[in-house]
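2 protein chains.
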Amino acid sequence: MADLLSTKPYKGTRDFYPPEMRSREWMFSVMSKTAESYGFERYDAPLLEPIDIYLAKTSEEIVKQQIYAFTDRGERRVAIRPEMTPTVARLVAARAKETPRPIRWYSIPNLWRYEQPGKGRLREHWQLNCDIFGAQNEFLADAEILQLAVSLLRSYGADSRHFRLFLSHRELLNAVFAKLLNLPNEKFAPVARIMDKKAKISVDEYRALLHAEGLDDRAVAVLDSFLQDGITFLDKNSHLAGAQYILSMIKFCRELGLADYIEYDPSVVRGFDYYTGLVFEVFDRHPNNRRSLFGGGRYDNLTSAFIKEKINAVGFGMGDVTLEDFLRVHGLYKEFPRKTEIYVALFDEEDIRLAALKLAGELRSYGFSVETALSSGKLGKQFEEAGKKEIPLVLVLGSDELAAGQVQVKDMRTGEQTRLPLNHLADKLRQLVAEKTNIPE
Amino acid sequence: MADLLSTKPYKGTRDFYPPEMRSREWMFSVMSKTAESYGFERYDAPLLEPIDIYLAKTSEEIVKQQIYAFTDRGERRVAIRPEMTPTVARLVAARAKETPRPIRWYSIPNLWRYEQPGKGRLREHWQLNCDIFGAQNEFLADAEILQLAVSLLRSYGADSRHFRLFLSHRELLNAVFAKLLNLPNEKFAPVARIMDKKAKISVDEYRALLHAEGLDDRAVAVLDSFLQDGITFLDKNSHLAGAQYILSMIKFCRELGLADYIEYDPSVVRGFDYYTGLVFEVFDRHPNNRRSLFGGGRYDNLTSAFIKEKINAVGFGMGDVTLEDFLRVHGLYKEFPRKTEIYVALFDEEDIRLAALKLAGELRSYGFSVETALSSGKLGKQFEEAGKKEIPLVLVLGSDELAAGQVQVKDMRTGEQTRLPLNHLADKLRQLVAEKTNIPE
Numbered sequence: 156m157a158d159l160l161s162t163k164p165y166k167g168t169r170d171f172y173p174p175e176m177r178s179r180e181w182m183f184s185v186m187s188k189t190a191e192s193y194g195f196e197r198y199d200a201p202l203l204e205p206i207d208i209y210l211a212k213t214s215e216e217i218v219k220q221q222i223y224a225f226t227d228r229g230e231r232r233v234a235i236r237p238e239m240t241p242t243v244a245r246l247v248a249a250r251a252k253e254t255p256r257p258i259r260w261y262s263i264p265n266l267w268r269y270e271q272p273g274k275g276r277l278r279e280h281w282q283l284n285c286d287i288f289g290a291q292n293e294f295l296a297d298a299e300i301l302q303l304a305v306s307l308l309r310s311y312g313a314d315s316r317h318f319r320l321f322l323s324h325r326e327l328l329n330a331v332f333a334k335l336l337n338l339p340n341e342k343f344a345p346v347a348r349i350m351d352k353k354a355k356i357s358v359d360e361y362r363a364l365l366h367a368e369g370l371d372d373r374a375v376a377v378l379d380s381f382l383q384d385g386i387t388f389l390d391k392n393s394h395l396a397g398a399q400y401i402l403s404m405i406k407f408c409r410e411l412g413l414a415d416y417i418e419y420d421p422s423v424v425r426g427f428d429y430y431t432g433l434v435f436e437v438f439d440r441h442p443n444n445r446r447s448l449f450g451g452g453r454y455d456n457l458t459s460a461f462i463k464e465k466i467n468a469v470g471f472g473m474g475d476v477t478l479e480d481f482l483r484v485h486g487l488y489k490e491f492p493r494k495t496e497i498y499v500a501l502f503d504e505e506d507i508r509l510a511a512l513k514l515a516g517e518l519r520s521y522g523f524s525v526e527t528a529l530s531s532g533k534l535g536k537q538f539e540e541a542g543k544k545e546i547p548l549v550l551v552l553g554s555d556e557l558a559a560g561q562v563q564v565k566d567m568r569t570g571e572q573t574r575l576p577l578n579h580l581a582d583k584l585r586q587l588v589a590e591k592t593n594i595p596e
Numbered sequence: 156m157a158d159l160l161s162t163k164p165y166k167g168t169r170d171f172y173p174p175e176m177r178s179r180e181w182m183f184s185v186m187s188k189t190a191e192s193y194g195f196e197r198y199d200a201p202l203l204e205p206i207d208i209y210l211a212k213t214s215e216e217i218v219k220q221q222i223y224a225f226t227d228r229g230e231r232r233v234a235i236r237p238e239m240t241p242t243v244a245r246l247v248a249a250r251a252k253e254t255p256r257p258i259r260w261y262s263i264p265n266l267w268r269y270e271q272p273g274k275g276r277l278r279e280h281w282q283l284n285c286d287i288f289g290a291q292n293e294f295l296a297d298a299e300i301l302q303l304a305v306s307l308l309r310s311y312g313a314d315s316r317h318f319r320l321f322l323s324h325r326e327l328l329n330a331v332f333a334k335l336l337n338l339p340n341e342k343f344a345p346v347a348r349i350m351d352k353k354a355k356i357s358v359d360e361y362r363a364l365l366h367a368e369g370l371d372d373r374a375v376a377v378l379d380s381f382l383q384d385g386i387t388f389l390d391k392n393s394h395l396a397g398a399q400y401i402l403s404m405i406k407f408c409r410e411l412g413l414a415d416y417i418e419y420d421p422s423v424v425r426g427f428d429y430y431t432g433l434v435f436e437v438f439d440r441h442p443n444n445r446r447s448l449f450g451g452g453r454y455d456n457l458t459s460a461f462i463k464e465k466i467n468a469v470g471f472g473m474g475d476v477t478l479e480d481f482l483r484v485h486g487l488y489k490e491f492p493r494k495t496e497i498y499v500a501l502f503d504e505e506d507i508r509l510a511a512l513k514l515a516g517e518l519r520s521y522g523f524s525v526e527t528a529l530s531s532g533k534l535g536k537q538f539e540e541a542g543k544k545e546i547p548l549v550l551v552l553g554s555d556e557l558a559a560g561q562v563q564v565k566d567m568r569t570g571e572q573t574r575l576p577l578n579h580l581a582d583k584l585r586q587l588v589a590e591k592t593n594i595p596e
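Chains as they are written, first to last, in this note's numbering: chain A, 156 to 596; chain B, 156 to 596.
Next comes chain A alone, as it looks inside the complex (with noise of 0.2 Å):
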């Protein structure tokens, strides 16, 4: 006899169980709803693409070492999507001429990473994007994007005690080093990864890197102005390309009610290359679980990649692993029952038994989700079934009760009997049902 395969989910991967699967379930439907409620439209795409459409744009890091590529029975080179941004501008490419906009799209893909799994970090995740092109006012649409983040969050009971959006704009960093700094472009990549390193070394260590990449003392305190002094420095260098940008949007989103939620933080970059304004990024404010929870910002380019025509584009992603993590983390993530309400036990006579199952189809046919025993005789055991299955109540039409155009109905939480009549049984079942959500646990 060959030897027995595993039942565990591939590596870095989850099985949902019902009980998960509801969850999942409300996860999803607040992401629809909330995005929905923006006037956002869902889309999908298949699950494979060519693999050139990663090649141009995404990190180089996901599609050297993460993605999950290999050539198809057609010799094709293929990839599972570990993003949806290129699929989107590829759809949005595809319709161009003839969708009205600004297009506001949003979908929940699951997405593939080869990657180490860890908290937070899985190989096949989930993820809501929202995405706006083509809007005449793009400041508009970032704007809108970044309210859509936050309303996101507080769909799910969050506040600001819980989470805070930080932005910043992909132009800024590069403008304090050309023209404040003078530094020459080479330059720029290895002077972002000390500060990169800023808060994990010294200040003399982090000095000394920066004085061997030639920068001088008044350089290195100009760097350490516009990584501490937030919005004061942007005032002085408004004249600094996304420093205007950024004042704006602060001031608007303030005036949006969001300043509890919102903040400038020089440091936020995002790690894909497409990027070219705003950047932003959502961290949990929990002390155990202090870290980004998702980011988007905004990516002019994309669908030059298919097409002519550059339409501009602003979206973020959000992942279901670290959303539920922030949701566990702050009381918020949600379990539910099982939707079964009614159980209908069986007799081994057929007669009764098709009356039975006949009645298990009408209560169907109201809007009951109703079970019926698979098994034959003991009533005792499909009482103990029912009861392991916290279905709410049991149904029981033997020879008596059908004579009497009766059913018997016992609620199991209560233990309570009666006998209800046939007639108008939906309409009593229907109250009872109901009286669950009164019952304390």
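Where hints are given, some of them may not hold.
No copy is singled out in the list; a pair is fine if it fits within one copy or between any two copies.
The list that follows gives simulated cross-link-like pairs (lysine-lysine, BS3-like), each with its CA atoms no further than 27 Å apart [claimed, not checked]:
| id | residue 1 | residue 2 |
| --- | --- | --- |
| 1 | 166 | 219 |
| 2 | 536 | 352 |
| 3 | 565 | 543 |
| 4 | 489 | 188 |
| 5 | 533 | 465 |
| 6 | 342 | 212 |
None of these hints come from the bench; they were simulated from the model. Bear in mind the structure is a predicted one, so any value in this text is a computation, not a measurement.
Put chain B on the given structure of chain A with help from the hints.
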């Protein structure tokens, strides 16, 4: 400059733009509601599985010619799931002890097969999978699966004019071969293949082929009777394995009120090697679409690939591509308008614009789906955009309206314009939105 990339989806797959996505969501929600009305609970699992789980029981054609398999970066041999049954068997096996039985589970996964794309056949399709595991009374479980299969299509508005379910039993054909024809085992497959070809060849050719396999005239007559006489043949040969089962099931379905929907057909076999009892197939009755829509059956041995316990199982898988063709050919396919109900126009003056954006936010909190203009100036252009997007109501909040505590509402379906007070606006708008359904198209 690099060549432009194709905007087409990968061969044999579909992009789902918002209009198609709305129909897909409707199709899926009918699946969910119907399955849940029978107490089925939804599950999901990763897209990739170790290829081993398909090698044992999935049909050879799929594994050898159609599966999308590759080696991951950790040297694991994996496959994109071509079907869901081995996966659900894995999930059931993993929690065999703690899950109360019978287990009724459903899922709507996307599946991949490398096929030559054609009518009803694509490389990526979604499939509703419904399965019952561990029923004490397997006959009742089989009957419920048949009933659910019929209920599903009826939930889309189809009835016995549109489709028919044909059932048989896996053991019956073998019993005919072994008990009535005394055929040796190695002749089963070649004779079955000749029977399969019967409709496509002449009677003489058919007989000659059977004779060549050693069947005499009496044997050919028995086979003819088996294929043509339906229930009468079973009545005469009720000692054959499967015969009594089929007679009882047909009678039971009739008593459940399914006589118009369910018939016995000896030619139903099903491709998968894992079926052990009931097999069935649902056929479209439309003259332009006479073909199998979906099918299923009993497969009792699948969990034993993972654990020692054999858990009895019965189920089916219904694909979205064939379902959509079926619904279209019978005029049952539905299309839905965009969900956005309100378009809020925007002026350039910052304080007025902010008031309009806040109004939009407030209406969203009342449950409306609200788009705001992402453009400046020109009210005419904004009306035009709302018209193209078929949004029924446009709200204009200018300085006059703001001063008067009012908002201008234009009903885009009638052209009617009214002014409404900002107080209690939501109630009035709800009425206006509801009127939508009363306007003939």
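Hint by hint, here is what the structure shows:
no.: 1; hint: 166 with 219; verdict: both (20 Å within a copy, 25 Å between copies)
no.: 2; hint: 536 with 352; verdict: neither (64 Å within a copy, 50 Å between copies)
no.: 3; hint: 565 with 543; verdict: within (15 Å within a copy, 56 Å between copies)
no.: 4; hint: 489 with 188; verdict: both (17 Å within a copy, 21 Å between copies)
no.: 5; hint: 533 with 465; verdict: between (71 Å within a copy, 24 Å between copies)
no.: 6; hint: 342 with 212; verdict: within (22 Å within a copy, 59 Å between copies)
In terms of the numbered hints stated before, the structure departs from hint 2 and from no other.
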